[in-house]
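A.B. asks: Now for the letters of each chain:
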Amino acid sequence: MNAQRVNPSKQAPSLDEPEILCEARHVSHDFVLPNGKPLRVLEDISVAVASNEVVALLGPSGSGKSTVLRILAGLIKPSHGDVLYRGQPLHGLNPGVAIVFQSFALFPWMTVRQNVQTVLDARAVQRSEAAERAEQAIGRVGLGGFEDAYPRELSGGMKQRVGMARALVVDPEILFMDEPFSQVDALTAESLRAEVLDIWSRKERNPSSILMVSHDIREVAFMADRIVVLGGANPARVRTVVRNELPRPRDYQSTECLALVNQLYGVITGSELPDVAPTAATRDATFIEPLPHVSPGEIVGLLEYLDARGGKGDVFRIAAQTNQEFGHLITVVKAAEMLNFVDTPKSAVILESEGRRFVQAPPEQRQKIWRAQLLKLSLFREIADVLRRRRKHSIDRDFVLETIVMRMPQEDYEKVFATFVGWGRFGELLSYDETTATITRYERRRSGEPAVE
Amino acid sequence: MQRLLSEAFEQLGRARRIPWVDLLLVVGLAGLLFTFIDLGREWTGVHRPSIAIDLSPSALPRYTMFSLIRGLLAYVLSLGFTLVYGYWAAKDRVAGRLLLPLLDILQSIPVLGFMPGLILALVALFPHSNVGLELAAVIMIFTGQAWNMTFSLVHSLRSVPSDFREAATVYRFNWWQRLRKVELPFASIGLVWNSMMSMAGGWFFLMINESFQLGQRDFRLPGIGSYMSVAVEQGRGSAMVLAIVAMTTMIVVLDQLLWRPVVVWAQKFRVEEGGEQVLMTSWFLNWFRASRLIRALRWQARRIRRRFTRQPVAVAESAAPVPQVAERSAGRLSFLALGILLAVLAWGGVKLVHLLHQVPARVWGASIAAGFITLGRVLISTLIGTVWALPAGIAIGLSNRLSRVLQPVVQIAAAFPAPMLFPLVIAVLQWAGVSLGWGSILLMLLGTQWYILFNVIAGATAIPADLKEAARSYRLSGWHRFRTLYFPGVFPYLVTGWVTAAGGAWNASIVAEFVTFKGQALRAPGLGAEISGAAARADFPHLAAAILVMSVLVVAFNRTVWRWCYRLAEERFSLSK
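Top line first, the protein sequences correspond to chains A and B. Mapping of the first sequence onto this note's numbering: position 259 corresponds to residue 259, and the numbering continues sequentially without gaps. Mapping of the second sequence onto this note's numbering: position 416 corresponds to residue 1416, and the numbering continues sequentially without gaps.
Pulled out of the complex, with its shape left as it was, chain A reads as follows (with noise of 0.2 Å):
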């Protein structure tokens, strides 16, 4: 009993059919919302994670990964759906995993020896047996020498390092890592990488299989065997998976790697970016855009990087540019699309001329222009003409609120609101008050013209 213990499923001769470790089949799940109502986040959603393979779950933020990995870690029940281990229904937490989290969850108040054993001490393991095995944990990690350091002493990087060392430590068959990297400076999440992978490709030892969340497409075409890509937003579905048989050790720069990182950017893009939008005329009349939660800044940052790169850009480009997570872009993209400033053919992104005009308008013609736009969306052709039907000019936010709920049943009714107010104040439609939480029509103050026309 220890560390080295054999895994029946890594010797036996039947390699090449790999066994089934565990697996979501037509998961779905419903958050409740404050108000009650549910809100479908994920819609039947298949995964398996096989004996002797990485899996990575790709997607955009707010795709619901870190809710599939917490339902097949047994974290989450799902509402509708079957979580299965090893073929056998799952009732409460999945005996094998064990999992790395995003943010470390070190307890600050245990040195990095305590950290690892306490969870073998949760597993009534005999204490001497526990101090060797979290011993040989940590120095598998790279980390020995620091046993009796304390997490805040320690770097993002070395903090991730004793989170898998305690993951480690329970002899796990599936490492469940979510967004492990994304808390770690670049290089330091380079080299952990590769640890991992050398860690896993052991065969004599456990973890049999890794199972990662990531939105940072180069590391999964990395790591992973399989890809499973996860797209929309409320609710979450499975997109594609894309399997990853390149030779390891892989190498960033081998044109196979980059044409996998392309093709994902593909899938992602094409999924998220449909070439054909479907226009106003098109839909019935009750429809109303749901808003993406963006800031004007960051599309008027869009657009004045297009102007100054000959108003042609590529949404793969930019992200690694402007240091941008994908996903983010991706909806920063959509916004900007919505407003008719830019056109995505592919995975292109091209200013349009309205775009062009309002970013090379003055401050004063920027507004109008964006105020021109917004009055094509239904929600702020409504809201602006309400406004100016009542007597103050003035409405409540559980009004607009309201609108959003029965017209958008889907989303967050509080995000859209905020990227309402956001998008109206920036163009001068319309002014809110916190306080008595009231939107009124924004009146400029030195000339007294009214802003809506």
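To be clear, the hints were calculated from the coordinates, so they are not data collected in a lab. One or more hints might be untrue.
To be verified - Just a few of them, taken from the derived set where beta-carbon distance is under 7 Å, the chain B residues facing chain A: (1) Asp-1163; (2) Ala-1167; (3) Gln-1177.
For glycine and all other residues, C-beta sits at the position ideal for the given N, C-alpha and C.
Assemble the complex: chain A is given as a structure, and chain B must be docked to it using the hints.
C.D. replies: Chain B alone, transformed into the frame defined by chain A:
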């Protein structure tokens, strides 16, 4: 001075290899042991109708020790209560819905509300010894300590970060491991600070707790509180001063030998990263850690513990116990306990209704009217406290040097039970010809202004340096700076100060509006006087009615005005966002 002390002790410890530290420790332990034996004899002694208090200075150290030990016992009781009640309220959401409002109500009941029932019951339980009376005193001190600590624990347990919780679940901590390794460490800093505050709150009614009268019956215990009250009765100025000095000494010693080391020790549980804040040190803790005797004892203890902890049966790891079974039985236990609590509450409610049935409408009217008079006094005293403590606190907090020197002083001033100073103040008031109606406001202020002051100091030290620099670089004038930066910056802290001060003022009204001075009873119209008067006459229906009125007023005020202030502070003036 602290550094001086600690250096001196270090010198002592190292010099000439004589284990001074250990010798002092042994002497201290022996002293404590002796006091316990003495107190044990006192407790089990034959119950006498009335104890004569010896006013000679030589008797004072013994009395002080007695009071100290009562306070510490009450603290142990409070801690136990907090752990059980707080854990229950935080973990069982359904039970929490009853337990938290109940705690709010308990907090609003002044000690005199618990006193008659407690004393009569416990004295009846132990008719032949002092145990009943001593226990009653301890429990009454407890009622001044426990509630704050419990609120703090509930709040902490509910705000354990979700990644800690998930990690504990994934790595299968059972409830006990969860509590010991995650939840209690996370809650400990708040609990320690609230313990300090609560201990101070417990001393407030020491004079009443150790020398109470119910109608004709006189229940008195030897202690510093009763020493003081006898000194006041007899008008012995020198004895009063001695008692005040002894009380101050006790508070300072307790601060240096108990609280400061505990606060320093608890710093290891801080969660936030970044080592910017200045860590506190404690000479006593350093000294304690340096002691060879202690080190040897700890080593022995660890060895013994190792030998006796049961070696866990080597369960197959993947077959670790299913937590659901434990969860279900915990749920059942909670349900049962809740049922019992509800039954007790219902029974108490029926009794209360019976008691209140005897109260004539006239008394109700008078109590309610008196309640509003006292409310006015509470508000005026809070206002006066704010007027001086706000600017003073900002000035102290903005100066590093001043705050380092004055903050501990203010904390000790806040811990000093103000009622012990009342006789001196009343003498001055009488000489100046001020009636108790106005004078009682001053008496309330005496106890509560410190809460405002030290909260404002804490707020002013927490104002970010960049905001201060911005204000200076734009050359804002003093008043402008106060209005735009300092006041909004300290406002959340000020609200906490107000709530504590107002709560303290309500409590103080009981002793401030009804004062015995030089053998004559002075009273100012007000709810506090109603309560004290009813207790002195052993008029229980009237007492219950007056306390009910106070409780309703305090809870209603908390729920409306203070809650509104809190929300304002959080939404508009929070600097943490």
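A.B. asks: Indicate, hint by hint, whether the structure satisfies it.
C.D. replies: Hints, one by one, checked against the model:
no.: 1; hint: Asp-1163; result: holds, 4 Å
no.: 2; hint: Ala-1167; result: holds, 4 Å
no.: 3; hint: Gln-1177; result: holds, 5 Å
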